[in-house]
Structure formats: structure tokens, C-alpha cells
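Residue numbers (the numbering used here), protein chains in the order written: chain D, 1 to 392; chain S, 1 to 311; chain W, 1 to 97.
No lab work stands behind these hints: they were computed from the structure. Keep in mind the model is a prediction, meaning the values are calculated, not measured. Beta carbons are placed, not taken as given, at the ideal position from N, Cα and C, and that holds for glycine. Don't take every hint at face value.
Just so you have them, the derived chain W footprint on chain D, three or more residues with Cβ under 8 Å [unchecked claim]: (1) 94-100; (2) 194-207; (3) 220-227.
Below, simulated DSSO-like cross-link-like pairs (lysine-lysine); rule was C-alpha separation at most 27 Å, straight line [to be verified]: (4) S/Lys275 with S/Lys208; (5) S/Lys93 with D/Lys204; (6) S/Lys95 with D/Lys204; (7) W/Lys37 with S/Lys39; (8) W/Lys11 with D/Lys222.
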Amino acid sequence: MAKKIGIEVSLAISEAVKLADVDAIAAYPITPQTHIVEHLSELVADGDLNAEFIPVESEHSAMSVCAGTSAAGARTYTATSSQGLALMNEILFIIPALRLPVVMTLANRSLSGPISIWNDHSDLMSVRDTGWISIFAENGQEAFDLTLQSFKIAEDHRVMLPINVNIDGFTLSHVIEPHEFLSQEEVDSFLPPYDPPLQLNPDKPVSMGMVGIPEIYFEAKKAQDVALIESKAVIKEVFQEFGEKFGRTYNVIESYRAEDAETLLLTMGSIGETAMEAIDIMKDEQGKKVGLLRLRLWRPFPVDELRELVKGIKTLAVIDRAVSFGGTGAPVGGEIRSALYSTEDRPYVASFIAGLGGRDVTIKDFMDMVNLAEKMETEQEVHEYKMIGVRE
Amino acid sequence: MDALNVYAAKLAPQQESLAPGHRACQGCAELLAVRLVAKTLGQDFIIANATGCLEIVTSSYPHSAWKVPWIHVAFENAAAVASGVEAGIKILKKKGKYPVDRDIKIIAQAGDGGTVDIGLQALSGALERGHDFMYICYDNEAYMNTGIQRSSSTPYGASTTTSPAGTESIGQVTMKKNVVEIAAAHDIPYVATASPSYPFDLMEKVRKGAEAKGPAYIHVLAPCPTGWRLAPNLALSIGRLAVETKVFPLYEIENGKYRMTVSYKNHRPVIDYLKPQGRFRHLKEDNIEFIQQYVDASYERLLKKIEMSEG
Amino acid sequence: MAKNFSEMTWKEFGLAFMVTNPGCSAEYRTGDWRSQKPIADKDKCIKCGVCYLSCPDGAINLAADGTYDFDYDHCKGCGICATECWTGCISMVEEEN
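With the sequences and hints as input, model every part of the structure.
Given below as C-alpha cells:
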């Protein structure tokens, strides 16, 4: 195994993109994604990456150019955050409908307003229903590994869907972490070249993006939905293969010290690492029966795995990093309640929102949330969602 | 391909890369222009099409009128999608995944709405980046597909459904945005205006634009009988009147040099062009006088640019 | 299209509902739209080809003798050909059907 190298996570992701021998990159700079695209343009300029780097004039054009490169048969990558993601919103729905396997790093950043460059998941939640596969990386190694695996998953003929790999902006994108890089030979043995089932080629003309008249639109959406749902099997397959080849196996939901838990925390993204430390303290120093679930695959939602992991659990505290204004639960919390609705013996689900706009979520916050959730469970408190850490 | 500057229909390429059976209105000059473009380009080209009349009528599932590869993504991004197709094929050739000697033309097609209004940003970006592609704007001077709403390419005085003529308004109160000059300002190798009423002039310009190394922009005036409110059979004759009255001069800008490609010794007054069209029916004498002065002044400016190019 | 597409299940359509049969719009008979149709007096035809280059629907085809024939499956009866014809040998007549 290669030695560990300390490098900024953004640059590690660029290295993964380089090792994946991406053909085309179309990106527009936005904090905190900038280091990724800057480094990629350097790699191209220095001849280290043989790719077309297209410096587009907006994110809407970034994703539109990606549609063009991918449809032409090129392995395509882009990255964005927050407002950039919002600006390309229209096209985000079209990419999976056209079954184009674009891979995008999403450096999670709050949506305006007010304008905020700091980290939360409101940008990802605004594109929840676009039909993309959504995966979370919590540290640099995961970001590197999952970026590589994403190309393999997306381009699998059974999938042919775009993927966004989420990394928390600043808190992950801009930190220096140790990474074990794979060699080019190792990546080549894992990731074959992109072989598009259909592409824009005059030898075999196709028309992409036909009018979806009422007689077929519904069927088109069903086909897309089934493809997304069934991609989970391929995701797990790729995770398995990567683990066998390189020794790091990923799971759609990671479980941490949950064996004898009565209360579980559930997080998505880098706060999971802080939560793990809180769990350690609560278990080892306070003897609490707690554990942690880290949701790695957000879309397609891993319902079966969730239901299995919460069997026998009394209290499940879900921590969101985004708000669904006036809704019945924060995005993840609400979906988990929904997923467990049909489970007879289901835990009490507390839906918490923390860390909006870059506000720190500390070890103490997690311990407080566990206590609060357990208290709410005892009282069977009816609530939609609670914001934790806001000054009231 | 040989230059086509003689009106000899039998010398025109025989093949049709656009199939019949598309759902355009009777007498749609836009689709005629598209048919001529497709004829000229042959078979080795790929189209990125914006949402609009052209896209809707040629891609009603399951019927595609396209015999060449074709992609439609959204309304304002034809230039961006075309940029992507161009870059994608370029890198695939570089990496040996596509035959290097295969010359494939990348074409972006959009209406006036998808070019001059909502598509202007993507167009400017693509032209600035210098992609080797050709952008063709089929200008029927309004958002025809959605019901004849005004665009910034709608001419002064035209009545549309969002700039209707009424007691307080003469219809469109602004002047037609000169996107041809905007394209030229990007210093691209080839810019031209064209009309399906002059098929050989159009086909020659398409040939030149396709052969230019870098971005080419062609602006086609596409008379729309439905939206301009005239009988379908007059679609081509009104297009001729647009040129004969100096409303839509046919010229090209090759590497910055202006050249008139269709000249008339004597021009006709604008009223000859405005009168047959229902969208101008409400105009009064003083409006027409104003339009005549504007057309004269614009034409003079164009002549000066041509003169400077010759000098 | 062997089976009518409006009866096909979601599984039976191709990837991303792309159309892989280039130019298949020709199956659709836009000729059914028209209320008048062009007929040509071939004696007066000078084989200039103006009609051929004026048809938005490509519904005029070169005949073996150098004149042109109308593709009535697709002709929408717009009348451009009759208006543009140099000798006036094309006239638009009422469509009986």
C-alpha cells in the first residue's frame, strides 16, 4: 500500500479525477469549490491530465456543456456549490433523464439568503428530487475513494445516471488530511474506459431529448425512477469490489459502535466524525447505550438497510444540516420517519437541525442532543423538527 | 464542396438530412431554411438544438425528422451544449477514441428567443471560448412556439401577444437588438445574415461558416406566416421584400471584413414590406416614416462598414 | 414502430427514450393536413427546380424526366411552390378528401 500523503482534500479530489482519466471538465469557480477546479486546470495545463478544460461563463452553462461532452461520449466531471448548484437547477433534472453519467463534486455550502459561504447541506437538499445519485464523503480518504468509485458506478450500463459526491465546504474541502493514493495501474485495473451505450456519432445517428408527449412522459419518469432505485445494487457491488481490491470497503450506511445501543444518532457528512468522538465519550466515560449511524448514500435512499439497522432501537436522533421551511420534518429526519412508518416496532425519531450556515456542531452539542432526544422519547413528545444551537 | 453562387437548383446537393413529416405550420420558412442548411452540411454533422418551434416540430416522440445526431437539452443553452459536443469530440480524437481525420461539424440551432434573449449569455461564452462550431439563429422575430410573444428581436412596431398594438401602444416600442453585431464584436472568423428566400446565398454562407476554423454565426430571417399574419404561400416573397426594402440586408463579415452578398440597384420603400403583414397593420403614416428613416440610417451605417472593409 | 408506442410499457422503450431510427418522422403523413393541393402542368415545367428548393417539407422530389413530383403523403398544401414557380405551371386546387 502507498504511503499516506498530507494534502488538501480539494487537491486529493483533483488527483482522483486525474487518475480516472477524465476526458472533459466544464466548471465555473465558486467558493469553496475553487481549489478543485484550479488544480484540475493546472494538471491539464502541465500535460498531467489529457482532458478538455472548458472555462464556462456560468454554472448553468457548466452543466449544459457537461451534457454535450457526455452525450458525445466523453467521461465528464464538474464541481460546484450552493448558488452555482441553484443556477444549474434546470439542467440537473435533465441530465439523469438523458441518462448521462456526469460525476460532480458538491462542496456543500449554504444557499443565500442571506449570502453565506459557509457549510451546511441546504444546497444538496434543494436538488433532492433531481434524480441524481447522492453520496457523502466525510474525510479526505473517502472523498478520494468515492470520486473514483463514482465513475465506475455512473457509467455502468445498468445505471447510466449522474452522481454528486458531497463534501462539506471548508470543513472538508479546505483541510489538509492524510490520503493513501492509488497508483495509475491500480485505478486502471478497477475503472475501465467509458463505453457509452449510445452517443452522438454520425455513423449511428440518434435523437436525444425528444418531446415527452403525455403518452410517454409518465413511462419515462418510471424508467428513470427504477434505474435510480436499482442503482443501489450496483453501488454496493462497486463498494464491495473496491474493498476487495484496495482494502477500504464502504457501506451505504456506516454503523459506529451501535451493537448494544438503545439510542442512535444519525448524521450525514463530516459532522459524523465529531459525532463519533461524542459517542466514544458517552459510551466509555458515561456508560451510555448509544451508537451512531452515518448515512453515506442519500439517493437512492437505502430503506432496507435503515430498517435493519434500527431494529430494537428505542430512540433515533437524526441531525440535519438543512431546513425544509414549514415542513413536517427536516429533510433527512422527515424521510427517515417516512421510511420507518410501516415498521411495527420502530424507534422514536427526533428530527434535529444543527450547524446551519457554518455554525459549529460540537461534541457537547451531540451529547446534548442525545439527552434531549431521550427525554423527548420518554415523554413521547410530538414535534416536527427542532433547531439545535440557534440562540433563542 | 463547390461555391454555389448561381441559381441552379440542380446543382444543389441532392441529399436531405432533414426528413419530411415534421409538424411545422404550412409555409414555415424557418423549416425551409433548416432543410437547406441540412442539405448543405451533408451527413457528418451533429446538432445541439434549443427549445422552440424547430425543436418541437422535429422531435415529437416517436418521430424524429433528424437523420443526423441531434440533442436537445433546454432553451437557453444551445451554444453551451454545442460547446460541449465540440470539446467532447475534440478530446476523444486526441485520445484516439474517435477517428482523427473525420471532419464532423458541430451546429447549434436556436430561435431568436433562445439566442437574443435567454440564450445570449451562452452564445457569448461559446464565441469567446472559440469553439469550432457554427451557431445558426432562425429569427422569426418573436417567441412563436409559445404563442407569438415579443422577443428583443421583434422589430419596432410589430404587434405581438405581449407587445400588442393598442390605443396606448404601437406594439413593440424598442428597436430590434442587433445580435449580428454582437456576434461580430467577439472577433470570430465568420458572421453572416441569410434568408431562405435566397437559397444559394444561404447555402454558400452555411458552407463558409462550416469551413471556418473557429466559431461562425449565421442569422437567418425566418418569415412565420402564422405569427406575422400573412398567407402561408407568401412566406418566401415576404422574405425577399425584407431584403429589397433594406430591412434585412444580406451580408457577411469574414475575418472582420464586411461584404454585401446580395445587392439591389434600387430599393423598395419599407411600406411594401410592412403592408402585407397583419402584425404591422395598425401602423400609421408617421410610424412608417419613422421606420423608413431608421432602416435608411442602419443601411447607411452598414454601407460605411463595407466601405471601410474595402479600403 | 411495430407496437403502437402509446401501448408500450415503460420497460419497452429504449434508453432515455432516445430515437434511434433517424428520420422516422417520414412515417407521419402531414399530407392529411391540407385543404388544397398543388398540381403541375408538366408541359409548362422548365425544370428550374425552384419549387424543389422552396418546399419547407421537402415534399417535392426530382422525377426521372427532370421535372418534379409532389409527395402527397407529406405536402401540407401551403402553396409556396405555386407562388414561387417561375412559369406559373403549378396551381393549387381544392383537396377533395
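Now the hints, each set against the structure:
1. 94-100: It holds: at least three residues are needed, and the segment 94-100 of chain D offers 3 whose Cβ sits within less than 8 Å of chain W.
2. 194-207: holds (count 6)
3. 220-227: holds (count 4)
4. S/Lys275 with S/Lys208: violated (34 Å)
5. S/Lys93 with D/Lys204: Holds: S/Lys93 and D/Lys204 sit about 17 Å apart, inside 27 Å.
6. S/Lys95 with D/Lys204: Measuring from Cα to Cα gives roughly 21 Å; hence the hint holds.
7. W/Lys37 with S/Lys39: holds (25 Å)
8. W/Lys11 with D/Lys222: holds (9 Å)
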